[in-house]
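*Asks:* Protein chains in written order, with the numbering used here: chain A, 1 to 137; chain B, 1 to 137; chain C, 1 to 137.
Read the hints as simulated data drawn from the structure, not as lab findings. Be aware that one or more of the hints could be misleading.
Note that identical chains are pooled: a pair holds if it fits in a single copy or bridges any two copies.
As the list claims (entries may be wrong) - In the DSBU-like style, the derived pairs of lysine-lysine whose C-alpha atoms are separated by at most 30 Å in a straight line are:
| no. | residue 1 | residue 2 |
| --- | --- | --- |
| 1 | Lys106 | Lys11 |
| 2 | Lys31 | Lys11 |
| 3 | Lys11 | Lys69 |
| 4 | Lys106 | Lys31 |
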Amino acid sequence: MRFYTEYLTFKTRHHREFINITGQVESALQKSGIQEGMILVSAMHITAGVWVNDAEDGLLCDIDEWLEKLAPFRQDYRHHQSGETNGDSHLKSLLVHHEVVVPVTKGRLDFGPWQQVYYAEFDGQRAKRVIIKAMGE
Amino acid sequence: MRFYTEYLTFKTRHHREFINITGQVESALQKSGIQEGMILVSAMHITAGVWVNDAEDGLLCDIDEWLEKLAPFRQDYRHHQSGETNGDSHLKSLLVHHEVVVPVTKGRLDFGPWQQVYYAEFDGQRAKRVIIKAMGE
Amino acid sequence: MRFYTEYLTFKTRHHREFINITGQVESALQKSGIQEGMILVSAMHITAGVWVNDAEDGLLCDIDEWLEKLAPFRQDYRHHQSGETNGDSHLKSLLVHHEVVVPVTKGRLDFGPWQQVYYAEFDGQRAKRVIIKAMGE
Chain A
1 MRFYTEYLTF KTRHHREFIN ITGQVESALQ KSGIQEGMIL VSAMHITAGV WVNDAEDGLL
61 CDIDEWLEKL APFRQDYRHH QSGETNGDSH LKSLLVHHEV VVPVTKGRLD FGPWQQVYYA
121 EFDGQRAKRV IIKAMGE
Chain B
1 MRFYTEYLTF KTRHHREFIN ITGQVESALQ KSGIQEGMIL VSAMHITAGV WVNDAEDGLL
61 CDIDEWLEKL APFRQDYRHH QSGETNGDSH LKSLLVHHEV VVPVTKGRLD FGPWQQVYYA
121 EFDGQRAKRV IIKAMGE
Chain C
1 MRFYTEYLTF KTRHHREFIN ITGQVESALQ KSGIQEGMIL VSAMHITAGV WVNDAEDGLL
61 CDIDEWLEKL APFRQDYRHH QSGETNGDSH LKSLLVHHEV VVPVTKGRLD FGPWQQVYYA
121 EFDGQRAKRV IIKAMGE
């Protein structure tokens, strides 16, 4: 069995930002030497997410608007009594989930034609990490 | 270690449709010969989902209505400027997630009494794929 | 390869309740002897969830209110024609997802500073189970 672990660090320019990390996941897979297995891609922070979807700029704007509608910024989250201002970032993270598991077949990410891995930053402008963990043979 | 990969193809009659695929996942597990491990069941398209929940027709209608309320069809998604009309299908996919990981113990899906695996088609009437990938011993 | 499986049982006092189970997941990892791998933590019922987020009481109240807003209790879910009253519990489970996969590196849960595993009960006051399944070397 082979295991390969890599950590990505992001410090986004904007408070919210969605970054296509498919290339980094592919690169980690190549370094792992794994032909068959699975790769876990997981945010290490509780105000960020990881998803698999389309790399289309219009859609990314739609997603951003939609998340703000379903999990809006509000002054009066109870969480803010702890001094934080990012209650909505936690809710957005719960909504899209913080991790994906990607299948690996014949040394490649076994994706359909349009699937791309995204890191979704919901409380950026500071260093945040993502773990890529590959496991297989 | 054993690895087993199978692809399912769906071409649903309706635009949205929820299909119980527990039998196919069990069948893949048997073919794999795996006694202990995990099975990844993952949509290969970005307008479909996979979930684990109840096989109850009333609930499936409730889920459909609820998803349409939280991630409605709209004419004016920015994504539609690319020529698409399925912005809501992407959002529904993000909401329910596109994959599940099922535990395998003693050669069986280690599920509670009511857990069933569903493929959720949000933009059907054309061929769409799901990957089942089992990994274990 | 090592595999380790453990079942937790919860019978919550309240209808909805969120329980930090990070300690139980760590304990299962130690018993497994696994240094590198992954742990699946998955609700075995269809009216419960598992998530990774912050252990902050105010936020937990915010999450509860937010879930009730997005997936409210209603009398008139079709699912209730089957005699059930927990339609909203199913929807809440779909929203937060029923499972997480936790990376294991050097014998420890490879988490960021604030990540904690939570069991989210949406239809409690009766015995409900969670499976912890570790896989690795």
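*Asks:* Next step is simple, just say for each hint if it's right about the structure.
*Replies:* To see whether the hints hold, each was checked on the structure:
1. Lys106 - Lys11: Intra 33 Å, inter 26 Å, cutoff 30 Å: inter-copy only.
2. Lys31 - Lys11: So Lys31 and Lys11 pass the 30 Å test inside one copy only (24 Å; across, 37 Å).
3. Lys11 - Lys69: For Lys11 and Lys69, only the intra-copy Cα distance (25 Å) is at most 30 Å; the inter-copy one is 32 Å.
4. Lys106 - Lys31: both (14 Å within a copy, 19 Å between copies)
Going through the hint list in order, the structure satisfies each hint without exception.
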